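Using the sequences plus the hints, can you model the full thing?
So the working numbering is basically just the index in the sequence shown, starting at one, shifted up by 94.
Where hints are given, some of them may not hold.
What the hints assert, rightly or not - Below, in silico cross-link-like pairs of lysine-lysine (PhoX-like), each with a Cα-Cα straight-line distance of 20 Å or less: (1) 96 with 160; (2) 151 with 217; (3) 96 with 231; (4) 97 with 160; (5) 97 with 217; (6) 211 with 97; (7) 96 with 114; (8) 231 with 97; (9) 211 with 160; (10) 231 with 151; (11) 114 with 97.
No lab work stands behind these hints: they were computed from the structure. Values in this document were obtained by computation on a predicted structure and should not be read as measured data.
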Amino acid sequence: MKKLVVITGASSGIGESISKRLSDEGHPLLLIARRVERITALNLPNALCEAVDVTDKQAFSAAVAKAEAQFGAVDCLINNAGVMLLGQIDTQDSDEWQRMFDVNVMGLLHGMQTVLKDMKQRKTGTVINISSIAGRKTFANHAAYCGTKFAVHAITETVREEVADSDVRLTTISPGAVETELLSHTTSDEIKAGYDSWKQDMGGVLAADDVARAVSFAYSQPQNVCIREIALAPTRQQP
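Pasting the structure below:
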């Protein structure tokens, strides 16, 4: 059996595809999501499924400890859980900003703190943070969301510099438009319609497994090779 991988937001979309791909590659998994019935239904071998909200650091740490007791130390953490609630700052409900920062930033930090100390001591390990093209450039109606993803980029690169001497790797994966449930959480029908029209204009978007393949590529490199960032998008996506 290969080494333990932890995947957050594993119940749908990119997280589900990553889970299936890394399971097929022989890794035991800790799958984390609020909708535990969805990850249980994947029926993947050597997979521990835990109902955890990533904003609850204590629950996150407890789930990791349970998985490590069964499968050994975490070799890779994939921080995939995320929320995209689009809107303009002058009209958007501030609770939506808070939810995005709690999940996209604080949840990511909770996961990293849970595993990094042990990875540094063992002098091996990989953390892959799923960000977005919206963490590299701005988009209309994305102000708060872009803020969270720019934060993911900054946090990942800073921590990479901090842990490099311990042979621990940090990777940022930055997808463009992907076919997932992410947009469905946006409350503005006008913004959702405009986003859907944009996807059609470019002739389709990435499949979740396209991102999963990028994750697998980065993780499968020798430990002395760190793919710092992968940005991927539909060929016709502009910008």
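Query raised in the report: If you check each hint against the structure, which ones fail?
Result: The structure breaks hints 2, 3, 8, 10; every other hint is satisfied.
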